[in-house]
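For the protein sequence lines, the chains are B and W, in the order given.
Residue 175 in full-length UniProt numbering sits at position 175 of the first sequence, and the numbers go up by one each step.
Residue 432 in full-length UniProt numbering sits at position 432 of the second sequence, and the numbers go up by one each step.
In case anyone wonders, no lab produced these hints; they're calculated from the structure.
Note that the Cβ used here is the ideal one computed from N, Cα and C, for glycine as well.
One or more of the hints may lead you astray.
Computed footprint of chain B on chain W; a stretch qualifies when at least three of its residues, placed anywhere within it, have a C-beta under 8 Å from a C-beta of chain B [unchecked claim]: (1) 46-60; (2) 92-106; (3) 118-129; (4) 200-206; (5) 233-244; (6) 384-390.
2 protein chains.
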Amino acid sequence: MAQKPSIPKGTRDFNPDQVAKRNYIFNIIQTQFERFGFQPIETPSFENSETLMGKYGEEGDRLIFKILNSGDFLKKVEEPLYTEKDAVKLTPKISEKALRYDLTVPFARYVVQHQNEIEFPFKRYQMQPVWRADRPQKGRFREFYQCDADVVGSTSLWQEVEFVQLYDAVFTALQLEGVTIKINNRKILSGIAEVIGASDKLIDFTVALDKLDKIGEEKVKEEMLSKGISEAGINKLQPLFELQGDFASQIKQLQDILSASESGKKGIEELQFINTAITEIGLQTASLQLDVTLARGLNYYTGAIFEVAAPKGVKMGSIGGGGRYDDLTGIFGLKNMSGVGISFGLDRIYLVLEELNLFPDAVNKNIKALFINFGDKEALYAMTAIKQLREQNINTELYPDTAKTGKQMKHADKRQIPYVVLVGEQEMANSVFTLKHMASGEQKQLDIQGLIAALS
Amino acid sequence: MAQKPSIPKGTRDFNPDQVAKRNYIFNIIQTQFERFGFQPIETPSFENSETLMGKYGEEGDRLIFKILNSGDFLKKVEEPLYTEKDAVKLTPKISEKALRYDLTVPFARYVVQHQNEIEFPFKRYQMQPVWRADRPQKGRFREFYQCDADVVGSTSLWQEVEFVQLYDAVFTALQLEGVTIKINNRKILSGIAEVIGASDKLIDFTVALDKLDKIGEEKVKEEMLSKGISEAGINKLQPLFELQGDFASQIKQLQDILSASESGKKGIEELQFINTAITEIGLQTASLQLDVTLARGLNYYTGAIFEVAAPKGVKMGSIGGGGRYDDLTGIFGLKNMSGVGISFGLDRIYLVLEELNLFPDAVNKNIKALFINFGDKEALYAMTAIKQLREQNINTELYPDTAKTGKQMKHADKRQIPYVVLVGEQEMANSVFTLKHMASGEQKQLDIQGLIAALS
């Protein structure tokens, strides 16, 4: 019995139209990465397990896809351990490699491994798939692409400024106008926690604050209370919930709230630097907004935190995010390497462009003309013309079989090929080609030069 | 203790220069694929194991990378089987997914799964990595890219003609002149086996014949003898070893040898069709050569067999190959779907281009100019200019830190950036920029328009 073919859950096939649209996004991101001086690297799809394990928390460790060792993978497993039949304990004995979970850890590994070849500061970009054994759901896949740009080896805030510009440049090039680039700073969050006497509960505090958009002020306060943050502390937060006005005036209000925190003041200073520069230089279509509730993987970030929201009216989670992490490469033994980077969410950007109808019509590089096949003699004559057209960069092809003309026409129609070329005995005798425009049905006879001109 | 970072054997990191060179090859192949009317698809990195297992022979099954099931993968393993501690028997119980081994089987699976959405004949291309647990050695990796173009759903020989042209077009575009496209036909091989009375030993016969280049006539004959092919039969092969002249005259000699075999005559007819068309249409820089010893994965191919050899003087195995397989999708239940396709060997093509120095200098899309950072005020002024340059499609960046000028210059030098731009107080006062050419040391002062013009 033949197998009924299917693919693993959480994975996808992409048809030609989808690949063309995805490549359209990739190409624009790549062009802007290079415009800003980022250089591409690629790392292997699988890494040694010890490179990945323990880097994403317990949950992350579970979600990493492990690769079974080749050959007799049970040979070296000792009997007592095998008899325990404990999957967690057995895993490291029968699996030494694992699929990439993100691009950041492999990048950190790359920097440390190749530190002597790299000229710092190193601006790299990377666009490759990652894999996560997450429960698949709408918009969440087990294989998906990440598009990351990072700089490592400098603490300059000009990089944060550049990343804001880079987001603006990419979304402008994608004609996705009106995105909001939200920014925050880990030091602001630490400062607030300090001021309300909850420095030891920074994570609980930020996790709760991060939910403000979704669950509202009251529930956020309840959650903080339940995590042991004092009522007096929470009351001090009130001005935070009432932050108003533009970036500069919000900063002013923050200065009052955070006047007692060194960390908070440093965070404000950093945000001010970035906002002043961006205001001076100007953005094309995006806007920069302060969001003190933004936390995103806080354990990770030490300075700026970024997140990009789709234009108003489009219901979609963040379409990009990033931030600064002061000790990117420490886990692999290279200290004092500050990193800052951003990521683009390809799948979500795709959905937004689809919803707003922003993909250009010409995104699918379809052929321009199909030559109808009337028989071997005519086909040979057609192929000689096709060769010349292709050498003039015109995408074209011959229908391979001598099928009925109607069937061949239908094929052109179904593939949305704009023109067909008919070459019968008469055309051959006169060294001409009949070019038919599929949509209008209009026909004209042209010599090879005319054909090249018409299809160019 | 920090881990000393490394990557699994047989895998590679690619630095910016290598990625740029690889993308140069990918882009040329992709452009020509689209020129010839092929459309891109992508399939998941891992497939259900049953999709892949049993499709590549026993050896292939062993070389497929299996992915460990997530969660408590031992829970459902029954005790008696577990106790056997047999890796081969345990594998299907603890692993349901496997990494793609090639692009052909996933393509066949795709065609069957999506047959109702596909307009046939379907010309698809696919450029994605594949994984094999082969013993790594020079030029053989555990992760590598395949670049495949196939047509499914037509038996027309015009497709074989097109694939010869496609090889010629790609290698011409890569400026790799003088490659040899070798062609054979499974029916010729069957015909010869028939004529020498070894039809039942077709595989042994072709495996031996395939080695003619490497081990010579005598050893080939010895191997055939050892496989049970009769001396009388082998003697009949003599004219085959002495085939001479161009394609047409070799065909003539073959006609004599194979006059008693229907299959052989059909093979000759097919080869003649292809050669006549190619001779008539013409190739740009490649040449087409008959090679009756060419077998390549014979179990697979049923008609044409292709292989591409690098230009004379370059020591390198084949840089491409392919052929026709009459029952591509039968394994997944869709009968009578003939497929024909070719593949490009990216890694080997890379090595050949490197050896012959054929990569263009501009392949690495490096930045054009680095702005020297003299302090925040100057940097802000520089960033305003940088924004304008980038909007004019000029790749440029600011050195992020206010380091010593000498250090910044050295950075530009190491990154092989052709220009630096210096903006100090004086330049700011006069609204100009000092542009310095790194190689010559030449300097000039320009306004923003002049700067744009100089760097465009």
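task = Could you tell me which of the hints above the structure violates, numbers in ascending order?
result = Per hint list: 4 and 5 violated.
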